[in-house]
Every structure is written in C-alpha cells, then in structure tokens.
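We have chain A already, so just place chain B on it with the hints.
First to last, the protein sequences are chains A and B.
Here the first sequence is numbered in the numbering used here, starting from 1 and rising by one per residue.
Here the second sequence is numbered in the numbering used here, starting from 280 and rising by one per residue.
Hints in this document: simulated from the structure, not taken from any laboratory.
This one's a predicted model, so the numbers in the text were calculated from it and none came from an experiment.
Please note: incorrect hints may appear among the correct ones.
What the hints assert, rightly or not - With the Cβ distance kept under 10 Å, some of the chain B side facing chain A (calculated, not the full set):
1. GLY332
2. TYR365
3. ASP369
4. LYS387
5. THR389
6. ASN391
Glycine residues also receive a C-beta, built at the ideal position from the N, C-alpha and C atoms.
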Amino acid sequence: MALDADSENSKTGWQLGRLLTGPFAVVGRAAIGWVDNLGASAIFLLLAFLKIFRSKQMLKIVQQVYYIGARSTMIIVLVSFFTGMVLGLQSYHALVKFGAQGALGTLVALTLVRELGPVLTAIMIAARAGSAITAEIGIQRISEQIDALDTMRIDPLRYLVSPRITASIISFPLLTALFDLVGIIGGYVSGVLLLGANASTYVYRVQTSMELKDITDGLIKAVVFAVIVSTVCCYQGYFTHTRADGHGAKAVGLSTTSAVVLSCVLILVSDYIVTSLLI
Amino acid sequence: MENPLIEFKDVTKRFGARSVLERVNLQIYEGEVTTIIGLSGSGKSVLLKHIIGLLKPDEGTILFRGKPLSEMKKSESASNLAQISYMFQDNALFDSLTVYENIALPLKETTNLNKAEINSRVMARIEQTELEDAARKYPSELSGGMQKRAALARALVTDPRIVLFDEPTSGQDPVRKNAILGMIAQYQRKFGFTAILVSHEIPDVYFISNRILALYERSIVFQGSPEELENFDHPFKDEVIRSLEGLQNELTGLYSKRQFKVMHHVQLTQKTNGTTYCVAVFSLDDLDVIRMGVGHDAAQVAIRTLRITIDRHFGAIGGFSTRRHTNEFVTVLPYSNLTEAENILKDFVEDFQERGIHDVWAGARRQTESAGCVEFTLLAGIAQGQPVADIDSVIDAAKSQQKEIARLRCDGRRLSR
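Here chain A stands alone, though its shape is the one from the complex (with noise of 0.2 Å):
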C-alpha cells in the first residue's frame, strides 16, 4: 500500500513538474532549432560560396541573373515610381506645414537611397524570384533531381545553389540602384508635377543632400540581403524533404512561404542591425 502511495505521489509529482517546465521545454525546443538551423544555413551558404570559383559556372550566373535580376526589372520600375509618388505626395504635405516644401528632394532622395530602395527591392525579389528558387529547387528534391544529380558526380550545392548566390549578389545592388533612380523620378512625378513644388529646387535637393556614403550605405545593405534571401530560398528549397510538417508538394508549397516569410523578417532586422553598424 505504502508502495502505491509513493508511486502515486511521484507520478504527480512527475505531471506537476512537466507542467511547469512544459513552456521554457517549447521555447528551448524552438531556440535550439533556431540555433541549429541558422548553423546549418551558414554552413551551407560557406560550401556555396566557396563552389562560386569553381569552373563551368559563368554560364549559369548569366542565366541566374537573367531569371533573378533582368526578368524583375519590371516589378522593380513598378513599385519604385509608385513608392516614390507615394512618398513625394506624403512628404509634400507634411513639408508646406512647415513652409519646407524646398526640402523635399532631400527627404524623397535620402528615405529611398538609404533604406527604402535596398529593403523594399530585396522584399520584392523574395517574392518574385525567392520564391520560384525555393520552389523549384524543392521540386528537384522531391522529384529525385539532386539525387540524380548526385549520381551524376554533379555537385548540387555547385551546380544549383552557388550560381544563385552569386546571381542573387550581382542583381540586387543593380536593382537597388534602379529603384532609388525610378523612384526619385516618382518623387519628382507626384510633387513637382502634379503638386507644383519647384523643381529645380527638387533636383538640387537631391544633387547636393546625398553624399557618396549614403549611396554605399545602401548598396551594402543590398549585397547583405542578397546574400540573406538567396540563402534563406536555396535551403528552404534544398532541405524541403526533411520537413517535419508535410511531404511532397505540401513540403514544397510550406517551404516556399517559409522562404518569403523568414527571408522578408531576416531583412528587416538585418537591416535594422546594418544601419546600426554603419551609421
């Protein structure tokens, strides 16, 4: 009898801990997948990048800025001259508050070159081409492609991921740079021509505010995030079949959502971190 009384107490003491242990379990649990996945992502992206160099890769950069960076020139041009009409008509109005509607070139050029030129084209490009990395190379998984390639003595992390990396590093300062251009033009659009600011005022504004730094600045936060969302996509893509939460298609179609959300998350706070370190 005294036997089953202490089983039973320790039995209730066993739930009583489980249960207050349970949450910190689920965080550590999640932090230590976080850790270990972030681990795995920077090995994988080191074997890539260190595969850039190999030869017979020329060709497929070409092909990868091609699909990457030429083919979202137009979603680029789109939401760069909207955002920038957007912001010379927002800046405009809160600038004649203050009789400081001279300044607006100023504001348009430096919000769109420092910060909403390489995070908005990297958000952009996740969706656009992020996406279609992740899901086709999730395809190839499922379907047997990187095996075979395997077989083949084709290295997939060379032959798939390494070209995209470096597509990815190539095409986002360019498109970056696009977008402050088309963008600003946008500016110029809503608040000198349709609002009646001066433009010659606008375009000296813009001329004499931005320094070569700010420029950098922007384009290095580019390169950051190139190199962020290519390998976020190109894991997520890689490692679909070791999905816990589905198989097949469904792992594919998580992985994608995956890649853009993780990838649109990562740049907002690597952004946040670089403009810390460089400003």
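Just chain B now, with coordinates in the frame of chain A:
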C-alpha cells in the same frame, strides 16, 4: 569463384524505428546482369542507393573490389563511384531541360570534352534509344516509355562500368517492358557493363539475368542463377514468385518456366512406359540485328506475335508452351510421336508462311517509322522424349535439330519470302 565487384557484409539500415535492411549479405560480380527481386516496399531501392553512396549503412560494410567503401579516401571512393550510373525508378529527368540537354548534362558538367564531341556522344545515344524525334522536347511532353529511354540514354552516356536500374520497366505495358529489358540486355552485351536491376518482371528478367538476388523480410534469402532459383525451396517463392508469375501468365497467356515444368510433370507422369511425347523449339534468329533494323519496340511486337501464333496453333491440339529465352519458345506436344509431330510442324510451317509471318511483320511495322530493311528468320527443331527422360535434355536435342522454317526479307515497306 572470382572476387565480387561489390559485396555487402551484414548491412543494416534503419529509418527511425523502422528497419529496412537487416544484416544483408550479398555479392555482385563484374560483367554480369544481377537482378534483385522482392515485393514492393521490401527495400530494393534502398539497397541500390547504398551501392551508389546515396545512403550509408547504419551497421555493416560495403566492399568495392574487396575494399570497404568506408575506409577509402574521399578521392578513391569518388573515383569508384564515378564508374557507376543510376537509372531512377521515376527517371529523375530535369523537367526544365530538353531530352538532349538531360543526356548531355553529365558530359557537360563532369568532363572537359568539347562541344562537338559531346554532341556526337549524345546523338549516338539518342539514336540508339530511338529518341531522335524527342531530342528537342521536354520530359513532360514525352510518353512514359520515352522518358524511360531518355533516362537510360542519360545513364549510359558516360560509358559507365556499372549501371544500376531501379525498376526500369515500372509503369510500362507488357510489350514496352520486354523492349526495355531487351534494350538493357543488348547494351550490356555491347558495352560490357555490370548491370544491377531491381525488377518485378518475373519471369522476363530471368532471360537477361546471370544472377538473381531475392530480398525477403529485410534480408537476402537467395543468391544464384535463375535456374537455381527454380529449385529454391523457401516461403519467398510462394509469396513472391508465384504471385508475380500468376500475374505475368494473365498478361501474356504463356506459361512460366516453373508452371511449364509442372504441366510437363503432371501430363507425362500419367503416361505409361514406352509412350512418347515431342518437344518443338522455335527461335527467332539474330534478334539484335532485328532490333537494330526496326527498333526495340517493333522487335518486341514481332516476338509477341510469334508467341501468340505458336500458342494458338499448338494450344488447339493440346500442346503447351513457354518462353525459354528472349527469342526462344518451347512447345510440348504430349500426345504425339515424332512422325505426328513432324506433320503438325509441317502444318504450322505452311500456316506460318501463309499468315503468321505477315502478322509478325505487320505487328512490328506498326511500331516503327523506320523504312530500313530487316530480315526475320524463324528456326524450329523437334525431338522425341519419354516420360522418364529429363525435359531439358529433350529440349537440347530439339534445339540441335533446328533448321530454318521461314524467312522474311523486307526491302523498305515491301516484303518477300
């Protein structure tokens, strides 16, 4: 016996708590066609993936030319694995690349061959696998059979020493299945590679295999020649081979070798001493030449039509037939002596020359667009046996008596006898 090319020693593989391979021991010899048979989900593909290094064993050792893979330096292991090609069950063709680009991919990425040399090698494989019209198409635009041939062409383009075929005939119709097996056998003879197949196609794989490995309940329960498998006494035979043979019988209408032997035994043991029976052996000559002339599919249709003709003719008078080799059929006439059998064969020859040969050619012609000339020669021989005699010796005697009974020559679309 010679040293094995690949050897598994007590190889065990688990996925989580599920054990797929349990202390597997096997040997694969150079230059042979080895077929691994077993039920679906029994771990055959997992076994193949260990050979090519896609999976590593949890326990046990895999030896390549007597040396454990796990103890090899990375470069040595890579150079050994570079001799192996793998044809995936679902082909694993790159769907964003054309058939030509798929076949050229291993050459482009792993060799320093120039563009012209790559093109010549790829086009040679495309022609051999009859994919000329599909070269610029994407895999999704091809039929299942063409995708298989594209995967086969890609597996062979690097001239590998070892080729692993993971269910090369899955999802194919009976004609196409035999065409693919015939293609593998022909290329294996031509290029001399070691072929390792995973297949359900019993008994068809027996005709092209030197060795059979039987995977049953996570272990290899049989290793040996197809003939030795006939005498293998194990639950595997009841559960796997007989069920697959039954399915095959329904599909082809022909008895399997084992069923044929049972029929022979039952029919002939009922006879009294002194009574005789006859065996006829039919062979379609120069099958490789026919394949090259009209293609694998057309050759397969010709064999199939020949089989139907033989079965129809001799089945009507109580005979029963089996396929002994890819191009060879054996018919037992249990109620005939030699004179009667010769008369029956004479009738068959007349019937075949009048009608059957046209059917064989017409069937083959439907499968090919090629207008090339081809020659079909049918040989036949008969021998008399007694119930006490071993059927194999009677078959051998009939084979030694074989002579030409029909020949078809075509010149483009015309044919002459």
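Results of checking the hints against the structure:
1. At about 8 Å, the closest approach between the beta carbon of B/GLY332 and any beta carbon in chain A falls short of 10 Å, and the interface hint on this residue holds.
2. Because the closest C-beta pair between B/TYR365 and chain A is about 4 Å apart, less than 10 Å, the hint holds.
3. The criterion of a C-beta within 10 Å of any C-beta in chain A is met by B/ASP369, whose closest approach is roughly 6 Å, and the hint holds.
4. Of the supplied interface hints, the one on B/LYS387 holds, with its beta-carbon coming within about 7 Å of a beta-carbon of chain A, less than 10 Å.
5. Given hint, B/THR389 at the interface with chain A, holds; its Cβ is 5 Å from that chain's nearest Cβ, closer than 10 Å.
6. Restraint check, B/ASN391 versus chain A: the minimum CB separation of about 9 Å is within 10 Å; hint holds.
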